[in-house]
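Between the sequences and the hints, there should be enough to build the whole structure, so can you do that?
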Amino acid sequence: MTTETKTNGKPSVNRIGLTSQDYRAGETTLCQGCGHNSITSQIIAAAYELSLAPHQVIKMSGIGCSSKTPAYFLGRSHGFNTLHGRMPSVTTGAILANRTLLAIGVSGDGDTGSIGLGQFKHMIRRNVPMVYIVENNGVYGLTKGQFSATADVGQTLKYAGTNVLPPIDICIEALAADCSFVARSFAGDARQVRELLKAAMSFNGTAVLDIISPCVTFNNHHDSTKSYDYGKAHEERLQDIQFIPRFEEVQVEYEEGAERVVQLHDGPIIKLRKLDRDYDPTNKWHAIELLEKARQNHEFITGLLYINTERQTLPETMHLPGTPLAYLPAEQLRPSRERFAQGMAEFM
Amino acid sequence: MSAIDTEVQTHPAGHTDSTPIVNDFSIVAATVNGSGSQTANNVLMRAIFNMGVPVSGKNLFPSNIQGLPTWYTIRVSKRGYTARRESTEILVAFNPRTADEDLAALPPGGVCLHPGDLKFGAPRSDVSFYPLPVRDLVKQSGADARLRDYIANMVYVGALAELLSIDMGEIKDALSRHFKGKPKPIDLNYGVVTAAAAWVRDHLPKTDPYRVAPMDRTSGMILVDGNTAAAFGALMGGMTVCAWYPITPSTSLVDALTELAPILRADTDTETTTYAIVQAEDELAAAGMIVGAGWAGARAMTATSGPGLSLMNEFVGLAYFAEAPCVIWDVQRMGPSTGLPTRVSQGDVLSAYYMGHGDTRHVVLFPGSMTECYEFGYQAFDLADRLQTPVLVLSDLDLGMNNWMSEPFTYPETPLDRGKVLTADELDQIKGWGRYKDLDGDGIAYRTLPGNPNPKAAYLARGTGHNEYAVYSERPGDWQRNMDRLARKHETARTLVPAPVVIERDDATIGIIAYGSTDPAIREACDVLHDRGISASYLRIRALPLETTLRTFLAKYERVYVVEMNQDGQMAQLVQLHAPEAAARVRSVRICDGMPLSAQFVVEQIQQIEA
Numbered sequence: 109m110t111t112e113t114k115t116n117g118k119p120s121v122n123r124i125g126l127t128s129q130d131y132r133a134g135e136t137t138l139c140q141g142c143g144h145n146s147i148t149s150q151i152i153a154a155a156y157e158l159s160l161a162p163h164q165v166i167k168m169s170g171i172g173c174s175s176k177t178p179a180y181f182l183g184r185s186h187g188f189n190t191l192h193g194r195m196p197s198v199t200t201g202a203i204l205a206n207r208t209l210l211a212i213g214v215s216g217d218g219d220t221g222s223i224g225l226g227q228f229k230h231m232i233r234r235n236v237p238m239v240y241i242v243e244n245n246g247v248y249g250l251t252k253g254q255f256s257a258t259a260d261v262g263q264t265l266k267y268a269g270t271n272v273l274p275p276i277d278i279c280i281e282a283l284a285a286d287c288s289f290v291a292r293s294f295a296g297d298a299r300q301v302r303e304l305l306k307a308a309m310s311f312n313g314t315a316v317l318d319i320i321s322p323c324v325t326f327n328n329h330h331d332s333t334k335s336y337d338y339g340k341a342h343e344e345r346l347q348d349i350q351f352i353p354r355f356e357e358v359q360v361e362y363e364e365g366a367e368r369v370v371q372l373h374d375g376p377i378i379k380l381r382k383l384d385r386d387y388d389p390t391n392k393w394h395a396i397e398l399l400e401k402a403r404q405n406h407e408f409i410t411g412l413l414y415i416n417t418e419r420q421t422l423p424e425t426m427h428l429p430g431t432p433l434a435y436l437p438a439e440q441l442r443p444s445r446e447r448f449a450q451g452m453a454e455f456m
Numbered sequence: 071m072s073a074i075d076t077e078v079q080t081h082p083a084g085h086t087d088s089t090p091i092v093n094d095f096s097i098v099a100a101t102v103n104g105s106g107s108q109t110a111n112n113v114l115m116r117a118i119f120n121m122g123v124p125v126s127g128k129n130l131f132p133s134n135i136q137g138l139p140t141w142y143t144i145r146v147s148k149r150g151y152t153a154r155r156e157s158t159e160i161l162v163a164f165n166p167r168t169a170d171e172d173l174a175a176l177p178p179g180g181v182c183l184h185p186g187d188l189k190f191g192a193p194r195s196d197v198s199f200y201p202l203p204v205r206d207l208v209k210q211s212g213a214d215a216r217l218r219d220y221i222a223n224m225v226y227v228g229a230l231a232e233l234l235s236i237d238m239g240e241i242k243d244a245l246s247r248h249f250k251g252k253p254k255p256i257d258l259n260y261g262v263v264t265a266a267a268a269w270v271r272d273h274l275p276k277t278d279p280y281r282v283a284p285m286d287r288t289s290g291m292i293l294v295d296g297n298t299a300a301a302f303g304a305l306m307g308g309m310t311v312c313a314w315y316p317i318t319p320s321t322s323l324v325d326a327l328t329e330l331a332p333i334l335r336a337d338t339d340t341e342t343t344t345y346a347i348v349q350a351e352d353e354l355a356a357a358g359m360i361v362g363a364g365w366a367g368a369r370a371m372t373a374t375s376g377p378g379l380s381l382m383n384e385f386v387g388l389a390y391f392a393e394a395p396c397v398i399w400d401v402q403r404m405g406p407s408t409g410l411p412t413r414v415s416q417g418d419v420l421s422a423y424y425m426g427h428g429d430t431r432h433v434v435l436f437p438g439s440m441t442e443c444y445e446f447g448y449q450a451f452d453l454a455d456r457l458q459t460p461v462l463v464l465s466d467l468d469l470g471m472n473n474w475m476s477e478p479f480t481y482p483e484t485p486l487d488r489g490k491v492l493t494a495d496e497l498d499q500i501k502g503w504g505r506y507k508d509l510d511g512d513g514i515a516y517r518t519l520p521g522n523p524n525p526k527a528a529y530l531a532r533g534t535g536h537n538e539y540a541v542y543s544e545r546p547g548d549w550q551r552n553m554d555r556l557a558r559k560h561e562t563a564r565t566l567v568p569a570p571v572v573i574e575r576d577d578a579t580i581g582i583i584a585y586g587s588t589d590p591a592i593r594e595a596c597d598v599l600h601d602r603g604i605s606a607s608y609l610r611i612r613a614l615p616l617e618t619t620l621r622t623f624l625a626k627y628e629r630v631y632v633v634e635m636n637q638d639g640q641m642a643q644l645v646q647l648h649a650p651e652a653a654a655r656v657r658s659v660r661i662c663d664g665m666p667l668s669a670q671f672v673v674e675q676i677q678q679i680e681a
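Protein chains in written order, with our numbering: chain A, 109 to 456; chain B, 71 to 681.
What the hints contain is simulated information worked out from the structure, not anything from laboratory work. Computed from a predicted model, the values in this text were never measured in an experiment. The beta-carbon is built from N, C-alpha and C at its ideal position, and this holds for glycine as well. Any given hint could be a false lead.
Capping the alpha-carbon separation at 20 Å, the derived lysine to any residue pairs in SDA-like fashion look like this [to be verified]:
#: 1; chain 1: B; residue 1: Lys242; chain 2: A; residue 2: Glu454
#: 2; chain 1: B; residue 1: Lys526; chain 2: A; residue 2: Gly134
#: 3; chain 1: B; residue 1: Lys250; chain 2: A; residue 2: Phe455
#: 4; chain 1: B; residue 1: Lys526; chain 2: A; residue 2: Arg132
#: 5; chain 1: A; residue 1: Lys379; chain 2: A; residue 2: Glu361
Below, a sample of chain B positions facing chain A; criterion: calculated Cβ distance under 7 Å [to be verified]:
#: 6; residue: Thr310
#: 7; residue: Thr342
#: 8; residue: Ala528
Simulated coverage check for chain A against chain B, where a stretch passes if three residues somewhere in it have a Cβ under 8 Å from a Cβ of chain B [stated by the list, open to error]:
#: 9; region: 157 to 164
#: 10; region: 186 to 199
#: 11; region: 204 to 215
#: 12; region: 222 to 231
#: 13; region: 434 to 443
#: 14; region: 447 to 454
Here it is in structure tokens:
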């Protein structure tokens with residue numbers, strides 16, 4: 109990386125002088141080999157590479173294995189491990205209080221697809237600026253192996269038997285709610301996860317990342333569609349994704365026809381190199397069609413499915429001031445005696 | 071509306087030749103919901119108020135948009151009593167479906183104004199009837215057909231003005247205020263008022279004794295409802311985030327916020343706001359938003375009522391345990407369940423105090439007047455920030471939605487108190503900081519806000535077990551220590567919450583304890599009891615946790631009556647728990663019928679036991 113400087117035996121630091129160690133936190137208590145741990149590593153890597161100021165980040169989560177992970181990354185950032193399925197509302201409140209914060213939310217398939225589906229959709233509807241990661245393994249881990257709403261039909265689990273209900277597709281739900289950044293990835297595809305995370309962290313709006321993240325204890329058997337083996341064998345990348353931050357003052361070159369670029373707010377660029385399909389990620393209809401077909405044909409398609417840089421975010425639609433509401437001085441919070449008198453005049 | 075025929079004050083029966091009864095009676099307007107009678111009732115009430123005569127209005131309305139019966143009572147009281155009375159002397163019988171029942175409820179000597187074409191099933195000889203040509207008067211006004219139902223109500227305004235000697239100038243001023251100075255509706259409505267008054271003058275001799283005469287008991291005062299007062303107070307208290315979901319009777323609190331916020335708090339230079347008001351998808355989300363906002367440093371609030379409060383239960387437990395400040399206004403209505411959505415209750419006392427599972431106790435405030443709705447509006451934020459915990463304000467439908475006379479509000483005397491929040495520099499100077507560490511012995515730890523650049527500032531708030539440094543812990547000692555500290559914090563809260571208001575009588579033999587909107591009824595009851603030889607001191611609780619004033623009060627009297635509007639005597643239970651030594655002397659007087667408390671009920675209940 110060009111962002112790193114390496115000097116005689118000293119650890120590398122990023123643009124704000126922090127080491128990658130500074131982006132770590134407590135040791136994971138999840139199972140060894142859990143997909144969530146690889147995602148945690150990529151969050152640390154992405155934050156380090158983007159030189160995020162840790163104090164400007166908040167880590168948000170609901171309840172479940174995935175929701176434990178904010179304790180394992182960015183130890184210098186505030187965080188809130190909230191209630192099951194309710195992280196979107198708490199994050200909405202936190203962002204209203206302080207719009208300058210970068211919110212990174214981690215959820216799971218139960219937390220988002222079942223108990224939290226309502227809040228998930230309304231967060232997107234409001235376009236709360238945040239990264240919303242779903243660590244999707246199709247199974248409830250902490251309660252020991254029940255199906256979640258994202259499990260495919262016909263899947264079997266040791267105690268839960270065979271799943272007979274169709275899966276909820278997190279990405280289709282996000283698109284239906286008019287999400288302006290929708291991506292799917294695979295915990296086993298570290299580079300794609302990292303590049304998507306960097307793009308999502310740089311995006312102004314709700315960015316949903318549905319990351320298939322195998323549960324090694326309950327749902328990693330041979331015929332599971334959420335297993336490492338299945339993912340490795342079936343993942344079909346839509347594009348080769350490269351995130352180019354804005355502090356790299358290089359001319360971004362791209363190959364007409366084979367590559368497309370998406371410029372984000374404030375300058376960073378997502379470069380997408382075409383693979384097997386010709387795909388336009390700015391067309392929502394195409395995204396929904398692609399996902400519906402993939403659901404029918406049992407395809408595992410990853411990549412940036414949809415992006416729209418035009419939608420206003422919640423702080424913008426609310427006309428919030430640039431200064432966070434939480435940091436407004438007392439004289440802006442308590443009306444003056446003149447304002448008070450104007451208010452009282454309404455009743456006289 | 072059924073009424074009890076015994077009265078606290080009885081008026082002489084018969085109509086002619088009796089001495090005039092001035093400024094001491096009640097009016098009930100029985101109309102059809104959605105017919106626009108609120109305008110007529112508000113105009114009457116304000117006109118009487120502007121004549122300097124103490125007045126109160128209670129809207130007894132159905133859970134319905136249009137068509138069901140509704141009653142509006144206006145009490146005129148030269149002595150300044152504002153509680154609901156059990157019966158009313160003057161009936162405006164404008165709803166044919168309830169007219170017979172309404173007429174039957176009138177006391178002897180009562181008055182009945184009604185449309186001339188309305189026929190009663192059982193006419194009474196001891197009531198003065200005033201039939202009014204409503205249809206003709208409306209027709210003569212030339213009003214558009216769409217508006218005729220609405221302005222029909224102005225006929226009873228005009229007739230009452232004439233019969234009771236209500237100042238026509240004040241009626242016009244009240245109409246002008248209501249229609250914000252727009253000449254067209256003012257002229258149309260006032261035209262009907264004057265035509266009706268003239269018709270009554272020309273055709274109906276006055277046969278009843280009731281009259282309004284100017285006084286000087288309301289000058290400088292305002293008429294306001296508690297939800298508006300609360301909104302005003304919240305904006306004075308620096309509210310920055312309000313997340314809410316519509317529910318009667320709290321919705322008008324947020325309506326008032328939305329209306330007053332631009333006047334009080336908009337930044338006119340930059341066209342930005344200094345607040346965010348968000349209609350959430352449900353009360354769970356509303357609660358989540360204020361918890362997140364409070365954690366991140368906002369002054370966050372919501373307004374709700376019983377069913378909404380139930381949905382906020384889990385979040386309030388989280389906020390208590392993660393120690394995030396927020397303010398919840400519960401404008402109480404009658405439950406359980408959907409219950410009586412448009413009727414008053416004090417039924418959420420216990421559920422609010424103990425909200426959440428496990429061991430939780432909360433700070434709960436009970437405003438008892440418009441001034442307190444206003445003051446608690448900002449004080450609740452100071453308490454929430456100081457104690458880093460949810461603060462619940464239990465108002466009710468009567469306080470929140472009815473118009474009350476009040477002294478004008480005053481500018482807050484003390485500055486905003488944001489509590490123990492550490493800046494980056496302060497954090498460097500403080501020794502041994504941990505987010506949940508009790509450095510001062512008051513149970514309140516120091517917090518940092520997201521965005522604090524000090525590398526030591528960050529912590530992960532959580533509902534799971536944690537040690538003093540906010541690190542996940544299942545150690546028995548850590549859990550116990552944290553719960554002990556939260557209990558200590560509750561003891562600190564006891565010393566910070568508003569103390570009770572005590573009105574002692576030197577010759578008192580009994581005590582009365584009450585809270586919230588029942589205050590006017592209790593004060594009146596104390597006077598009536600005193601006249602009847604029972605002298606009572608009165609303590610009005612203003613907050614939970616309960617504190618020492620209450621204990622001292624309880625020790626003084628052989629019998630102490632806890633009066634409240636719920637089925638189980640919820641506050642009586644808390645009083646007994648708080649002062650077990652006095653438990654046997656506590657008597658619960660409670661009513662759970664959805665109506666605002668009357669003095670008569672209190673007097674009868676206490677007299678019965680004291681006799």
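Hints versus structure:
At roughly 18 Å between alpha-carbon atoms, Lys242 of chain B and Glu454 of chain A fall within 20 Å of each other, so this suggested pair holds. Restraint check for Lys526 of chain B and Gly134 of chain A: satisfied, since their Cα atoms lie roughly 15 Å apart, inside the 20 Å limit. Proximity of Lys250 of chain B to Phe455 of chain A is assessed by CA-CA distance (about 12 Å); at most 20 Å being required, the pair is judged to hold. Between the alpha carbons of Lys526 of chain B and Arg132 of chain A the distance comes to roughly 14 Å, so the proposed pair stays at or under 20 Å and holds.
Using a Cα cut-off of 20 Å, the hinted pair Lys379 of chain A and Glu361 of chain A holds, with the two alpha carbons roughly 9 Å apart. For the restraint placing Thr310 of chain B at the interface with chain A, the shortest Cβ-Cβ distance is roughly 4 Å, inside the 7 Å limit, so the hint holds. For Thr342 of chain B, the interface hint holds, the least distance from its beta-carbon to any beta-carbon of chain A being 4 Å, beneath 7 Å. Restraint check, Ala528 of chain B versus chain A: the minimum CB separation of about 5 Å is within 7 Å; hint holds.
Given as covered by chain B, the region 157 to 164 of chain A passes the check, having 4 residues with a CB less than 8 Å from a CB of that chain where 3 are the minimum. Check on the region 186 to 199 of chain A: 11 of its residues sit with their Cβ under 8 Å from a Cβ of chain B, so the three-residue criterion for coverage holds. Under the rule that three or more residues need a Cβ within less than 8 Å of chain B, the assignment of the region 204 to 215 of chain A holds, with 5 such residues. By the rule of at least three residues with a Cβ nearer than 8 Å to a Cβ of chain B, the coverage given for the region 222 to 231 of chain A holds, with 3 such residues.
For a cut-off of 8 Å, the count of residues in the region 434 to 443 of chain A with a CB near a CB of chain B stands at 8, and the three-residue condition holds. Only residues whose C-beta sits within less than 8 Å of a C-beta in chain B count toward coverage, and the region 447 to 454 of chain A has 6 of them, enough to reach three; the restraint holds.
Going through the hint list in order, the structure satisfies each hint without exception.
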